Amino acid sequence: MKHMIIDGVSCEFEKARNVLEVAQANGIDIPNLCYCENLSIYGGCRMCVVEDERGAVEAACTMRPKDGLVIKTNTARLRKHRRMILELLLASHRVECTTCDQSGSCKLQEYANRYGIHQVRFPNDYSKIPKDETSPSIVRDPSKCILCGKCVRMCAEVQNISAIDICHRGKDSYISCGFGLNMIDTSCVGCGQCAAVCPTGALTVKNEVGKMWDMIYDPGKKVAVQIAPAVRVGVGEEFGIPASTPVIGKIVTALKMMGVDYVFDTSLTADLTIMEESAEFFEKLKNGDKLPMFTSCCPGWIKHIEKTYPQIMPQVSTCGSPMEMFGALIRQQYKGEPLYSVAAMPCSAKKMEAARPELEKDGERLIDLVITSQEIVRMIREVGIDFAKLPDTAPDEPFAPYTGGGVIFGVTGGVTEAVIRKVLGDTSDATMASVAECGVRGLDGIKAFEVTAGDTTLRIAVANGLGNADKLIEKVESGEEAFDFIEVMACPDGCIGGGGQPPACNARKEERYQGIFEADKECALRSSEQNPALDGIYKLLNGRAHELLHIHYPDHNR
Amino acid sequence: MRFNNVNDFKTAQKQFSAILGAEKNKVLVCSGTGCMAAGSKAVYERFIEVLKEEGLPVSVAMEKEPHEGYFNVKKCGCIGCCELGPLVRIDPYDLFYAHVTADDVPEIVEKTLKNGEVVDRLVVDEDGVSYPHLTTDFPFYKGQVRNLMEHCGNISAESIEEYIAAGGYNALCKALFEMTPEAIVEEVSASGLRGRGGAGFPAGKKWSQVAALPADPVKYVVCNADEGDPGAFMDCSVMEGDPHRMIEGMIICALAVGSEVGYIYVRAEYPQAVARLSLAIEQARAYGLLGENILGSGKNFDLSLSKGAGAFVCGEGSALANSIEGKRGTPRPKPPRLVDKGVFDRPTVLNNVETFANVPMIIEKGAAWYTSVGTEGSPGTKTFSLTGNIKHTGLIEVPMGTTLRTIIYDIGGGLKEDRVFKAVQIGGPSGGCLTEQHLDLPLDFDSVKQAGAIIGSGGLVVMGTDTCMVEIARFFMNFTKKESCGKCTTCREGVPRIQAILERITMGQGKMEDLDMMKELADTIKTCSLCGLGKTAPNPVLSTMRYFKDEYIAHVQDKRCPAGVCKDLCIFRIDQSKCIGCTKCARNCPVDAISGSLKQPHHIDVDKCIKCGTCKAGCPVHAIEEV
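Residue numbers (the numbering used here), protein chains in the order written: chain A, 4 to 561; chain F, 252 to 878.
There could be a bad hint or two in this list.
No farther apart than 25 Å at their CA atoms in a straight line, the calculated lysine-lysine pairs in the DSS-like style are these [what the hints assert, rightly or not]: (1) F:Lys303 / F:Lys292; (2) F:Lys303 / A:Lys174; (3) A:Lys289 / A:Lys259; (4) F:Lys777 / A:Lys83; (5) F:Lys292 / A:Lys83.
Here are the simulated distance ranges between beta carbons [what the hints assert, rightly or not]: (6) F:His854 / A:Gly58: 54 to 62 Å; (7) A:Gly445 / F:Asn551: 44 to 52 Å; (8) A:Pro126 / F:Ala519: 48 to 56 Å.
Calculated from the structure, these hints are not laboratory results.
Source: prediction; values computed, not measured.
For every residue, glycine included, the Cβ atom is placed at its ideal position computed from N, Cα and C.
Make the full structure from the sequences, and use the hints.
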């Protein structure tokens with residue numbers, strides 16, 4: 004174990020990336036705007052400057068930790084420089100905090116307050132490039148951009164898409180899509196990971212709280228809201244509840260208090276998805292169809308296939324996402340009743356999925372609006388509910404029951420584990436334990452393992468983050484690897500890290516991961532086929548299950 | 252044609268030497284960019300044309316065997332005194348002609364080439380003294396030690412055979428066959444050669460750092476030929492005039508550190524350098540001096556050119572590496588240094604053109620010889636581009652430690668039109684100014700650093716009292732603002748703020764608080780910026796404010812420009828004692844600001860005047876001045 008002295012405090016470290024992380028691990032918060040633990044080191048914002056014993060000033064994010072190194076993070080000179088950097092940033096930023104969506108979670112605002120910036124001595128010259136609101140999922144506002152470059156690095160290094168980059172140089176720099184195209188026309192899949200790392204309001208997930216209220220206050224129509232698995236670990240933390248504590252019961256209560264008529268848990272249709280998808284998979288196995296079969300519930304992943312790997316679409320499951328399936332169920336159940344079908348999702352790309360031409364059956368839109376976990380949090384705050392004190396309420400019948408297999412859809416590997424549970428058909432402790440150990444668990448970017456059921460051995464892979472998905476696809480296309488089944492989630496760590504969730508560091512997402520498996524353990528039933536509502540659902544669908552629950556995208560017919 | 256071993260080389264060298272030695276009648280036309288811009292290409296072509304018209308035997312390249320009686324017309328490298336270009340040298344007379352045009356050529360052929368007579372009007376004449384043997388006698392060359400530039404002006408800039416004949420690639424043979432890689436590094440270290448790009452880092456130390464690393468899987472040798480400082484043309488002249496010299500230096504470096512692949516990153520704004528380097532590389536490859544199994548040694552090394560795309564910041568090492576890799580040319584945070592993770596994250600030696608060009612003579616003549624010139628801390632010579640308000644502008648090469656006084660008054664001939672010396676800008680946009688108190692400062696890395704300035708790459712801009720130092724600061728800040736890569740907050744946002752303040756000051760809208768604000772901004776930019784460009788960007792402002800504070804105060808408080816440069820702060824005034832009352836100014840003034848009757852002294856109404864300068868330009872007796 005090595006030691007550094009930071010501000011007189013002895014800080015231990017073993018293998019830290021830089022002095023910044025050593026400080027953070029020891030409770031010393033060095034300010035930084037362009038640093039992210041999951042991205043390459045940039046060294047651009049200069050806020051994290053620290054002083055060594057000789058008085059030399061260096062950025063903590065690029066400083067190598069050394070045994071015995073002595074540094075100060077807080078001196079007269081550093082304070083002066085940090086304040087000047089903030090002044091310079093504020094002078095080229097559109098300062099409209101009171102009406103900005105990022106207010107309260109903006110790092111620039113936070114630091115301006117933290118360092119007591121009371122005057123900006125330079126004339127303001129914020130960027131006049133207009134907002135890009137063409138994407139249903141993401142809003143880009145160059146007037147707020149501080150050119151930290153995190154969005155560029157996230158889209159390039161983690162998602163391997165590079166839909167945006169920095170153009171020109173110097174003071175003329177700005178972030179843009181290639182050739183100045185609107186986001187909707189580029190390879191952007193709407194995953195929202197750029198917005199998740201953006202420290203200011205330059206990149207935000209579209210805020211449609213107003214539309215939700217309009218729907219709730221519409222006297223002529225009822226509102227049904229389905230809540231996705233990952234949302235139950237994406238809301239509580241904003242109200243002081245640990246992220247590892249699922250709060251689905253409180254969310255249902257809060258929505259009812261706000262005037263929502265029917266509240267459902269998408270975990271039900273996750274169970275339904277498992278039924279449909281495992282049947283589809285074994286059909287493909289039996290027919291000797293080209294494998295692997297890919298999952299289809301992640302809209303970012305579907306968009307990515309359409310834009311980059313259209314040739315694999317024939318291998319993608321035709322199952323709609325659990326959100327789509329619930330939309331179809333609601334329309335059947337409440338046929339004839341004027342009803343808004345709303346989905347509460349951890350996902351920004353779902354806003355785009357809901358608007359897809361395919362999400363329409365019998366001439367009716369399946370989903371009228373998608374609101375994210377972040378928007379639910381806004382609404383709870385707006386109404387002034389003391390969320391932490393709320394009692395639990397169960398979701399509404401006839402769609403209340405769900406199993407652990409459905410809930411775990413919220414994490415990477417969840418869909419796959421639910422499939423394995425169903426295939427093994429046995430939820431004894433021993434079997435559940437061995438499933439947990441088979442290689443499907445954990446937050447690694449790529450997991451590959453084998454599962455044996457009877458005399459069939461299946462080779463399975465799970466990827467989260469599109470960069471990892473690309474690596475897997477390349478190995479499969481080149482013939483280097485072969486799999487029977489591949490699950491892809493576009494967002495790192497799966498839906499718990501979705502673009503619609505409150506942005507979170509790796510440690511916080513690990514807590515959410517634990518929370519989902521807590522919710523799983525709390526379920527009386529652990530495997531999808533055990534869901535008692537399934538019979539009723541298929542009766543409701545009246546022989547039209549495939550027609551209503553499956554989506555054939557254009558490239559499916561290649 | 253290919254040299255398969257040292258013997259092939261040595262044999263050919265003897266042959267080339269004999270042929271070159273037999274070239275008695277030579278016309279060397281200076282073909283550095285300066286003289287080319289002045290028209291030396293036409294001069295070169297005209298010589299060949301006229302000689303052919305006269306029926307005289309002409310040779311433009313080294314022939315297969317000695318040929319007496321030919322007139323050898325060559326394009327040579329920068330002779331140095333660029334102010335006098337196009338320059339032509341005629342041998343065997345060691346006779347120099349200046350400001351030569353294509354129209355002068357027939358007379359030169361007739362009089363000098365055919366009859367050995369001097370065309371007096373083309374000989375440099377200064378203060379009544381003639382300098383036919385320019386490089387020997389002209390004051391510009393006194394005090395210069397042209398070691399690096401030894402071939403420029405003496406041999407063709409486009410011939411590897413002439414380079415070899417003049418002793419070129421001997422050092423390479425020695426390095427290949429008589430020295431171990433460790434011995435090469437030691438020799439360069441012992442020579443004390445310090446990087447000529449500006450930082451002055453010991454070259455031997457850098458080489459030893461890369462030599463110590465494993466070649467996993469490759470190491471790179473890269474030459475920084477970006478030369479971005481405005482007004483600097485030293486590297487340009489070396490690349491255009493003696494390209495093989497730096498190539499040889501790079502090959503020797505590659506042997507020393509264990510590299511087989513090299514890049515020359517040359518700015519795209521130097522098309523002539525690109526052309527000459529490309530030609531030189533092809534020539535070296537053809538003879539087997541580049542490529543596989545060099546001279547049968549079993550060692551490989553090859554070079555390719557990587558062109559810049561118009562960014563000053565790509566002269567910064569890590570930005571240069573990114574640019575070579577095809578990425579945006581923005582600097583990387585350090586650590587890691589380039590020697591550890593450079594181009595494509597491999598160990599890389601990055602040195603300046605001049606640094607590499609120094610290497611062959613160090614290897615050939617030894618470290619002890621090299622240290623006999625210059626100072627102890629800064630051995631060797633340094634090229635400088637001497638420009639500005641100086642009588643003799645051009646490219647000079649002096650021992651390190653030469654004083655400013657020698658350079659400005661002896662070599663440079665003092666200020667033009669007897670203006671009074673004010674300051675010399677040294678080190679380009681990263682540098683500062685040195686003033687009268689520094690005239691006896693020896694120009695070497697350490698002395699200059701102690702005086703609070705940097706040598707930089709070697710640009711010297713001499714300024715007289717009619718130069719406004721505030722405007723100079725504004726000019727450099729404007730340059731840096733445009734060239735900033737934009738990655739780090741302090742440079743991207745801070746430099747334009749300083750530049751905006753300077754704009755206001757030069758327009759008469761400055762306030763005293765502006766001076767403190769610039770210092771405050773400068774401090775943060777210097778301390779916190781990511782790379783050398785940002786860290787040194789405020790130097791011109793800080794330096795001019797330090798030595799010319801009064802000039803700033805005059806601009807800000809009195810709204811006056813003492814040097815008479817900042818238009819918005821100047822007033823046009825008619826000298827009543829000189830005015831002859833011709834009324835020309837009044838008649839031409841577009842705003843009727845001038846009053847006066849015929850044959851009476853006229854007067855300008857300052858409130859109406861728009862400072863267009865028409866009156867001053869047209870006054871027949873120069874009675875109108877800007878104050």
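Exercise. Holds or violated: Lys777 of chain F with Lys83 of chain A, Cα cutoff 25 Å?
Worked result: Holds, because 13 Å separates the two Cα atoms, which is no more than 25 Å.
For this session: For the pair we were handed, Lys303 of chain F and Lys174 of chain A, check the Cα-Cα distance against 25 Å.
Result: It is violated: about 57 Å lies between the C-alpha atoms, which goes past 25 Å.
Exercise. Lys303 of chain F and Lys292 of chain F: Cα distance at most 25 Å?
Worked result: holds, 17 Å
Exercise. Between Gly445 of chain A and Asn551 of chain F, is the Cβ distance one that fits in 44 to 52 Å?
Worked result: The hinted range 44 to 52 Å holds for Gly445 of chain A and Asn551 of chain F, with Cβ atoms some 47 Å apart.
Problem set entry | 25 Å limit on alpha-carbon distance, applied to hinted pair Lys292 of chain F and Lys83 of chain A | Not OK: Lys292 of chain F and Lys83 of chain A at ~57 Å, beyond 25 Å, violated.
Exercise. Taking the beta carbons of Pro126 of chain A and Ala519 of chain F, is their distance inside 48 to 56 Å?
Worked result: violated, 36 Å
Problem set entry | Given pair status - Lys259 of chain A, Lys289 of chain A, alpha carbons within 25 Å | Judged against 25 Å, a Cα distance of about 46 Å means the pair is violated.
Exercise. That 54 to 62 Å hint for His854 of chain F and Gly58 of chain A (C-beta), does it hold up?
Worked result: holds, 60 Å
Checked against the numbered hints given earlier, this structure breaks hints 2, 3, 5 and 8; the rest are met.
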